[in-house]
Amino acid sequence: NAGVTQTPKFRVLKTGQSMTLLCAQDMNHEYMYWYRQDPGMGLRLIHYSVGEGTTAKGEVPDGYNVSRLKKQNFLLGLESAAPSQTSVYFCASSISYEQYFGPGTRLTVT
Amino acid sequence: KNEVEQSPQNLTAQEGEFITINCSYSVGISALHWLQQHPGGGIVSLFMLSSGKKKHGRLIATINIQEKHSSLHITASHPRDSAVYICAVRANAGNNRKLIWGLGTSLAVNP
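Line by line, the protein sequences are chains E and A.
In terms of the working numbering, the first sequence opens at residue 14 and continues consecutively.
In terms of the working numbering, the second sequence opens at residue 4 and continues consecutively.
If you're looking for bench data, these hints aren't it; they were derived computationally from the structure.
Quantities reported herein were computed from a predicted structural model and do not represent experimental measurements.
Some hints here could point you the wrong way.
[Stated by the list, open to error] Here are the computed lysine to aspartate or glutamate pairs in the EDC-like style, where the Cα-Cα straight-line distance is at most 16 Å:
{"id": "1", "chain 1": "A", "residue 1": "101", "chain 2": "A", "residue 2": "6"}
{"id": "2", "chain 1": "E", "residue 1": "84", "chain 2": "E", "residue 2": "39"}
{"id": "3", "chain 1": "E", "residue 1": "84", "chain 2": "E", "residue 2": "65"}
{"id": "4", "chain 1": "A", "residue 1": "57", "chain 2": "E", "residue 2": "111"}
{"id": "5", "chain 1": "A", "residue 1": "101", "chain 2": "E", "residue 2": "43"}
{"id": "6", "chain 1": "E", "residue 1": "27", "chain 2": "E", "residue 2": "111"}
{"id": "7", "chain 1": "A", "residue 1": "101", "chain 2": "E", "residue 2": "111"}
{"id": "8", "chain 1": "A", "residue 1": "101", "chain 2": "E", "residue 2": "72"}
{"id": "9", "chain 1": "E", "residue 1": "83", "chain 2": "E", "residue 2": "72"}
{"id": "10", "chain 1": "E", "residue 1": "83", "chain 2": "E", "residue 2": "43"}
{"id": "11", "chain 1": "E", "residue 1": "83", "chain 2": "E", "residue 2": "39"}
{"id": "12", "chain 1": "A", "residue 1": "56", "chain 2": "A", "residue 2": "70"}
[What the hints assert, rightly or not] The calculated label-pair distances, taken between Cβ atoms and stated as ranges, are:
{"id": "13", "chain 1": "E", "residue 1": "123", "chain 2": "A", "residue 2": "113", "range": "32 to 38 Å"}
{"id": "14", "chain 1": "E", "residue 1": "40", "chain 2": "A", "residue 2": "43", "range": "42 to 48 Å"}
{"id": "15", "chain 1": "E", "residue 1": "43", "chain 2": "A", "residue 2": "45", "range": "20 to 26 Å"}
{"id": "16", "chain 1": "E", "residue 1": "35", "chain 2": "A", "residue 2": "17", "range": "38 to 44 Å"}
{"id": "17", "chain 1": "E", "residue 1": "70", "chain 2": "A", "residue 2": "96", "range": "15 to 21 Å"}
{"id": "18", "chain 1": "E", "residue 1": "32", "chain 2": "A", "residue 2": "69", "range": "44 to 50 Å"}
{"id": "19", "chain 1": "A", "residue 1": "20", "chain 2": "E", "residue 2": "83", "range": "18 to 24 Å"}
{"id": "20", "chain 1": "E", "residue 1": "35", "chain 2": "A", "residue 2": "69", "range": "42 to 48 Å"}
Don't be surprised by glycine CBs; every beta carbon is placed ideally from N, CA and C.
Looking at chain E on its own, in the form it has when it is part of the complex (with noise of 0.2 Å):
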């Protein structure tokens, strides 16, 4: 088992750009989710899935779109990346109340 992981581990953008960011998990969770760690704050929810087809808006969803068109894969897109959204994002998936993380993908919007 891969467990969970995510594609790509780095990415340097320039404002405006856009890209996807991949989490694909092996161990058949119903939930996933994303999430942002920046210096000095704690994990911020972007967005997460309760299932297949589903998606829904965490505490920070500006600025970010999702999909879980397959129950292994949930999508971040940034649209038309901000410097504000240079970050960590981290994904994870849960079948109970425990989550399972990804390794991360830095994201430097320049």
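We have chain E; now place chain A onto it with these hints.
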């Protein structure tokens, strides 16, 4: 004021010392989680507890629901325990799939 407060923010210890990290919260909860984040970034769940005490190897987590407080203890600390330890709570009101996160305690264990 954050709903989940951890103390200390930073902690340096010598190998072999007994370590305590504290977490206080201000909301009613259904469960509390302790997680570990290593340099390099990966986050791993250590404990999920709603009452009492849990032990795994050299790690012990306790919670006092009445006092809204939890502690994470590390016995016989080792340099490989150096990491950020994060407390998160699941509130018992609203969407209980969401966690409220503490800011973490950065632990360095010196040989």
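So, going through the hints one by one against the coordinates:
no., hint, verdict
1, A/101 with A/6, "holds (14 Å)"
2, E/84 with E/39, "holds (9 Å)"
3, E/84 with E/65, "holds (5 Å)"
4, A/57 with E/111, "holds (15 Å)"
5, A/101 with E/43, "holds (14 Å)"
6, E/27 with E/111, "violated (36 Å)"
7, A/101 with E/111, "holds (11 Å)"
8, A/101 with E/72, "holds (10 Å)"
9, E/83 with E/72, "violated (24 Å)"
10, E/83 with E/43, "holds (11 Å)"
11, E/83 with E/39, "holds (12 Å)"
12, A/56 with A/70, "holds (15 Å)"
13, E/123 with A/113: 32 to 38 Å, "holds (37 Å)"
14, E/40 with A/43: 42 to 48 Å, "violated (22 Å)"
15, E/43 with A/45: 20 to 26 Å, "holds (23 Å)"
16, E/35 with A/17: 38 to 44 Å, "holds (43 Å)"
17, E/70 with A/96: 15 to 21 Å, "holds (18 Å)"
18, E/32 with A/69: 44 to 50 Å, "holds (47 Å)"
19, A/20 with E/83: 18 to 24 Å, "violated (47 Å)"
20, E/35 with A/69: 42 to 48 Å, "holds (44 Å)"
The structure fails hints 6, 9, 14, 19 (numbered hints given earlier, in ascending order).
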